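Line by line, the protein sequences give chains A and B. Residue numbers are given in the numbering used here: position 350 of the first sequence equals residue 350, and the series is strictly consecutive. Residue numbers are given in the numbering used here: position 11 of the second sequence equals residue 11, and the series is strictly consecutive.
Quick caveat, the hints were computed from the structure, so don't treat them as lab data. Values in this document were obtained by computation on a predicted structure and should not be read as measured data. Mixed in with the good hints there might be a few duds.
[Unchecked claim] Listed next, the in silico BS3-like pairs over lysine-lysine satisfying Cα-Cα at most 25 Å (straight line): (1) 83/A x 193/B; (2) 442/A x 193/B; (3) 39/A x 139/B; (4) 447/A x 193/B; (5) 193/B x 63/A.
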Amino acid sequence: MSMLEIYNKGISYSYQEGESLLDILQDSGEIIESPCGGKGYCGKCKVQIIKGKLEEPTEEELKYLSKKELEKNIRLSCFVYPKGHICVKFLNKEEKNYKALSDGYIPDAELNPIIYKEVIALEKPTLKNNLSYEKVLEKSIGEELYHNNTEILKALANVNNGGKVTLLYYEDELIGVESGDTKKKLYGAAVDIGTTTVVVSLIDLNTGKEIGTETSINPQKEYGLDVLSRIDFVKRKDNGLCLLQEAIVDCINSLLENLCNKNGIDIQNVYEIAVGANATMMHLLLGIETNTIGKSPYATIFSKEKNLWAKSIGLKISPFGRLYCLPGVSSFIGADIVAGAVVANLKDTKDNVFFIDIGTNGEMLLSKGGKLVSCSCAAGPALEGANISCGMRAADGAIEGIQFNEDGVALQVIGDVEPMGICGSGILEAIADLHKKGIIKKSGRLKRKEDLDKEERYILAEHLVEEGKKRKVILYKNGDETISITQEDIRQVQLAKGAISSGFYALLDFMDMGMEDLDSIVIAGQFGRHLKISSLTGVGIIPENLKDKINYIGNSSKTGAMICLLSKGTRKEMEDIAKDIEHFELSTKEGYEKLFTKCLTFN
Amino acid sequence: MSNVKEKLLKDLAESVVDMEEDDTIEIANDFIESGYDAYEGISNGLAAGMDEAGKLYEEEEYYIPELLMCSDAMYAGMDVLKPHLKYDETEEKYKAVVGVVEGDTHDIGKNLFKIMLETTGFEVYDLGRDVPPGEFINKAKELGAKLIGLSTLMTTTMDNMEIVVNLLKEEGMRDDVVVMVGGGPISQSFADKIGADGYAPEASRAARLAKDLVRGKMNVAV
Numbered sequence: 001m002s003m004l005e006i007y008n009k010g011i012s013y014s015y016q017e018g019e020s021l022l023d024i025l026q027d028s029g030e031i032i033e034s035p036c037g038g039k040g041y042c043g044k045c046k047v048q049i050i051k052g053k054l055e056e057p058t059e060e061e062l063k064y065l066s067k068k069e070l071e072k073n074i075r076l077s078c079f080v081y082p083k084g085h086i087c088v089k090f091l092n093k094e095e096k097n098y099k100a101l102s103d104g105y106i107p108d109a110e111l112n113p114i115i116y117k118e119v120i121a122l123e124k125p126t127l128k129n130n131l132s133y134e135k136v137l138e139k140s141i142g143e144e145l146y147h148n149n150t151e152i153l154k155a156l157a158n159v160n161n162g163g164k165v166t167l168l169y170y171e172d173e174l175i176g177v178e179s180g181d182t183k184k185k186l187y188g189a190a191v192d193i194g195t196t197t198v199v200v201s202l203i204d205l206n207t208g209k210e211i212g213t214e215t216s217i218n219p220q221k222e223y224g225l226d227v228l229s230r231i232d233f234v235k236r237k238d239n240g241l242c243l244l245q246e247a248i249v250d251c252i253n254s255l256l257e258n259l260c261n262k263n264g265i266d267i268q269n270v271y272e273i274a275v276g277a278n279a280t281m282m283h284l285l286l287g288i289e290t291n292t293i294g295k296s297p298y299a300t301i302f303s304k305e306k307n308l309w310a311k312s313i314g315l316k317i318s319p320f321g322r323l324y325c326l327p328g329v330s331s332f333i334g335a336d337i338v339a340g341a342v343v344a345n346l347k348d349t350k351d352n353v354f355f356i357d358i359g360t361n362g363e364m365l366l367s368k369g370g371k372l373v374s375c376s377c378a379a380g381p382a383l384e385g386a387n388i389s390c391g392m393r394a395a396d397g398a399i400e401g402i403q404f405n406e407d408g409v410a411l412q413v414i415g416d417v418e419p420m421g422i423c424g425s426g427i428l429e430a431i432a433d434l435h436k437k438g439i440i441k442k443s444g445r446l447k448r449k450e451d452l453d454k455e456e457r458y459i460l461a462e463h464l465v466e467e468g469k470k471r472k473v474i475l476y477k478n479g480d481e482t483i484s485i486t487q488e489d490i491r492q493v494q495l496a497k498g499a500i501s502s503g504f505y506a507l508l509d510f511m512d513m514g515m516e517d518l519d520s521i522v523i524a525g526q527f528g529r530h531l532k533i534s535s536l537t538g539v540g541i542i543p544e545n546l547k548d549k550i551n552y553i554g555n556s557s558k559t560g561a562m563i564c565l566l567s568k569g570t571r572k573e574m575e576d577i578a579k580d581i582e583h584f585e586l587s588t589k590e591g592y593e594k595l596f597t598k599c600l601t602f603n
Numbered sequence: 001m002s003n004v005k006e007k008l009l010k011d012l013a014e015s016v017v018d019m020e021e022d023d024t025i026e027i028a029n030d031f032i033e034s035g036y037d038a039y040e041g042i043s044n045g046l047a048a049g050m051d052e053a054g055k056l057y058e059e060e061e062y063y064i065p066e067l068l069m070c071s072d073a074m075y076a077g078m079d080v081l082k083p084h085l086k087y088d089e090t091e092e093k094y095k096a097v098v099g100v101v102e103g104d105t106h107d108i109g110k111n112l113f114k115i116m117l118e119t120t121g122f123e124v125y126d127l128g129r130d131v132p133p134g135e136f137i138n139k140a141k142e143l144g145a146k147l148i149g150l151s152t153l154m155t156t157t158m159d160n161m162e163i164v165v166n167l168l169k170e171e172g173m174r175d176d177v178v179v180m181v182g183g184g185p186i187s188q189s190f191a192d193k194i195g196a197d198g199y200a201p202e203a204s205r206a207a208r209l210a211k212d213l214v215r216g217k218m219n220v221a222v
């Protein structure tokens, strides 16, 4: 056994030689960001080697390391296989002020929660009547009790003799008792588990009001940035499924605890958690294998709604607490999208509405007067700032706005600090503007410096650099550090745009509709909200002539979860709509390659 | 006389690079009507143009749409020239089997590789997408293929590439066949890890590498 020392923490682990440093760190319970899941192509799992001998970096590893980093002995942990005593230092650049989208449009729904309370007076057991507390309770409510766990009995032991007692019902079944009159304390939590972010809202089930919201980065992202890397992680690691489930359950517990503390609410008075999430996130939450989702025919283990005891997966709310997982349709069209369909009212509409949730996967629904068809496209992570040479998430230091003006390049940086990278909305706006200002051609190819010089655009020309045959645009320079957009970055965005807009046209085609038949475009989700309409139409994700019909609906997954808490009727509607959505697989569509390549170019 | 031929060959190549399908057809017809050899038209005209297009792709000048449009022009020219090929002139071509591994249905990368392989002179059998490991082996055995090309876009199906490599070993065919892997999540280190012979990030480079590897293997074998 050899020793691994963590410099920042002053702790050591023993390890078995022969595994990659990344695996060793993860097995030891250390959290290190590895968006690609240790496949060696994201370049994010860097650590500094303080002590210990390693093999020289391979050419492939060198691609991700700058000269400066090499001098400091910084390496990619997925590439190195340590031997003997080794000491490493984490290089955490904390992401500050990352804000997930938690709000959004909320449709009217009747207030009729599935969970409700009733107050009664409980008779006393006496020597004379010789009754159990259970029997006394049954006498009081006039019906026999059926319960499949011991929580009611435990609670009965705490109920005051002969005082007021509050009964907790789920649907019409008694699921809990509380001492005294607690009718006013009735709360639920609406949760959206996104691949990237988690949002939890605390809801007062008596008033229907949202009391507060907390957001966090999905802690599972340390084990893989996108859905496929996480599925692969579960497959590869013995306890992978367990790790990912624990990570998300802990995250929900702690967000909810914070919310309760902030608002002076006892977490024991939270009785139901409703969750909207994509299929993979839902499987991981319940600790269900995800292997089948990750390969054709992309089958889920389950898609229907689930009603469970919250504590069965370790959620720490009331001992009688319930967990409701919203219904999904397939591996691609998860509960998050079904929630969106209900929130956007796609079923009861006479309009033709195109609904899209833009993320690593672009999920879309087209409603032709209430007839629903869906498809999903692999947009890749470029629009979220990953896979982009200087990409980062939307946190302090991220360039979120870029305009190429004739007198120079204007940048807007989150937090008004020194720029560190470009976030997804920034890269999209930049490329829309590069196209608009004629700095890239229709094919997406960057022009040469000489081309712009010929056009007498000397200032902008200075930003274009050609190294070998590879071109890039420099956005920002500070000493040796530069932030730039490379030709390859533009290609990544083209791939994303091609994937999404080919889905858009394919859906219209499937429903035998033209673009002019659309009444509105609804953009849902965390990420879409940050994209400017001019960027979306500028790169051609949405056609220019539909720009006045675009609406943002916000985090409709969380909103859907919230209205499920508040209304029994909506819950039913959600379950019905899930059965009505037709799905078609884009990559197997006749002529898809032609459509896709057409959508890759700029118009 | 040979000047005219050279000019036509150059024009053929250029029309492919310029993605001008109609021009390619017209020039190919001129080429045949002038009595020149169809085989030369294909290898020194069309394929040369496609090779140039592949290089432009590597230099980031061209992207997937351009490469596919070039190949449309090349295939249109092929349709004109092929019927005029004399049998004894078609030298024995190396055979290749390509496909997207089981579990994945994304095939554009594989299609690009196929086009570039044909350009470098392989005869390619395309198994399509979502191909079970055994099918690669069976087809390669049936055709006597010298190359198997495996493609995937998804992290979750990469392991099926290793299964194919291991199956080849079990069948005692590993030494006779070059295995190339490619696709979004694939890297050189992954190729090394599973014991594949080659990987390249772009289809055109991969095709050139494929040819080198197969030639290398043949020389060793002889």
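Structure-based check of all given hints:
1. 83/A x 193/B: Holds, at roughly 19 Å.
2. 442/A x 193/B: Violated: residue 442/A and residue 193/B sit about 40 Å apart, past 25 Å.
3. 39/A x 139/B: 30 Å, violated
4. 447/A x 193/B: Measuring from Cα to Cα gives roughly 39 Å; hence the hint is violated.
5. 193/B x 63/A: Since the Cα atoms of residue 193/B and residue 63/A sit roughly 19 Å apart, the hinted pair holds (cutoff 25 Å).
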